[in-house]
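Chemist: Residues per chain, in single letters:
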Amino acid sequence: METQDLYKIAKEVRKWIVTITYEAKSGHPGGSLSATEIITYLYFREMNIDPSKPEWPDRDRFVLSKGHATPVMYSVLALRGFFSTEKLHEFRKVNSMLQGHVVNHVPGVDITAGSLGQGLSNAVGLALGARLDNKSYRVFAMIGDGESEEGSIWEAALSAAHLKLSNLIVFLDRNMIQLDGFTDEIISLGNLEEKFRAFGWATTTIDGHSFEDIERALKWAKTQEGPKMIVARTVKGKGVKFMENNPEYHGKPAPTEEKLKEALKDIEEM
Amino acid sequence: MRNDGLTWLPDLANSLEKTSVREAYGNTLVSIGSDRRVVVLDADLSTSTHTVMFKNKYPDRFFNMGISENNMMGVASGLSWTGKKVFVSSFAVFAAGRAYDLVRQSICYADSDVRIVATHAGLTVGEDGATHQMLEDIGLMSGLPRMSVLSPADGMEVNQVIRYIYENRGPFYVRLSRERVPVIHHEETFKFGKAETIEDGDDVVIFATGILVAAAKIASSYLRSKGVSARVLNIATIKPIDRDAVIKAARDTGRIVTAEEHSVYNGLGSRVSEVVSETYPALVYRLGVNDVFGESGKSWELMDKYELNPMGIVKKVESIMEAKV
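If you read the sequences in order, they're chains Z and Y. Quick note on numbering that gives the first Met the number 0: the first sequence kicks off at 0 and runs consecutively. Quick note on numbering that gives the first Met the number 0: the second sequence kicks off at 0 and runs consecutively.
Calculated from the structure, these hints are not laboratory results. Watch out, some of these pointers could steer you wrong.
Rough simulated footprint, nothing fancy, chain Y against chain Z, three-plus residues with beta-carbon under 8 Å [unchecked claim]:
1) 107–114
2) 119–131
3) 145–155
Being a predicted model, the structure only gives us computed values, none of them experimental. Beta carbons: idealized from backbone N, C-alpha and C, even for Gly.
Between the sequences and the hints, there should be enough to build the whole structure, so can you do that?
Modeler: So this is what it looks like as structure tokens:
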């Protein structure tokens, strides 16, 4: 798939993100819009997967440790063909398959998450299991920057380095915002790339909205030993002007139909 | 002071034949270890939990995760989704307490095939004191959907329980003590979800679990000499509780005493009371730790101080026999 086509798909993903959160009158658009290019790239170009066989044992795995970013996760899976896009309208509604936080009974979802700081440990377990079985599949994961305030992230970081898990590739969605505000105002995270390097990971920093950067980082990852941390500088709410860099839209959808139209127009004009 | 051999000290605890439940756990892990799906994790307590026995035999499938119980539970979950039969061990206070949210989300909600075998539950941790004496784990673990909670009474039962959870899909929580415990079984009797009749009787029924099964047996024989016929049931499966055994006890006698090395809140006594109150109302007196933390001391000293001994059970039985139903 050409990179230009990926940008087109990312636009579709963003439209679904703002639409289904608007329809559900709840959900997390901000951190979904910041993660859109990375998750789109993984599912449409990088990962060895087959949407007709979501349980295929040799598939690459993906763990959405920031488990609230379901709007982007479910939208990407539906557009990739794991289930019908019609299902997306059921997001967060009663009796729906599509729970508010990511859950592994959804076709294409490998790991349940939602309580922050746990998915990275789950990913370590998957990567360790692959090694025990002499399997060559890779384990990708995405953690948030706010999520990195959880102590268990750093327990997982220690163990991944200790176990030398070269099959583990993690993106850190560094959008600088968490629920209550800007990360640096709430609790200083400092230089996360340096911190992970100090924990024994191979690290790099990219523009998380550039498919070219994502591609380059994943090529780089193939040349590195041990677990890889790709710190992706992103913009929370990317693509929707009134949501961009606005903590208010961490967990709040477009409030009115007019605002939804405005959001869709912004995305179209990206 | 009345004693009649009903306290663990000075003689009773020493006079009984005992087994190590932790050694039984280690031995059973080794016996199932030839199955390459079995993976064991520990958090820097492997010589205490005895998972080190598995490590020595199968070092490539043992992982010491360091003093990081949260990460250990999360890694266990991930491993389970690659088809591994995962055993996770630590002290009960860390496995069920510190790592509770990981157990809730990454294991139970995620429906992960993980077996938590926690040692050092209860007061018999001894000298380490309250920080390490877990008295709330039955409640914490029983409250989790999908979780089964097991509390075997002696080494032979541990062996059977560990083989049962190996053969079946998790999640499971198994509660073991640090202390060597009196032998109850000379043959294999464990059936998942079923109460086991240790002594028959028709005046009162004692539901006991873990180390208190031995106490109940001794109490029952004393009571018999005083003309009270006490049925003793060993409850190795606390969740799901054997509802039929509870209903039958209530119907047959109208008087139930529960005994456990756990808080009187949210443990075996609570499970039994829940069934009784909605099926066949009867008196239930609970013996356990009365909403306080433990303290340092020798195991059997503490068990006597908190009356988790045959005397404590006899007193509960005597008072429930005096109560008007």
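Chemist: If a hint holds in the structure, say so; if it doesn't, say that too.
Modeler: Status of the hints after comparison with the structure:
1. 107–114: holds (count 6)
2. 119–131: holds (count 12)
3. 145–155: As far as the segment 145–155 of chain Z goes, the hint holds, because 4 residues have Cβ atoms under 8 Å from chain Y.
In summary, the structure agrees with every hint in the numbered list given earlier.
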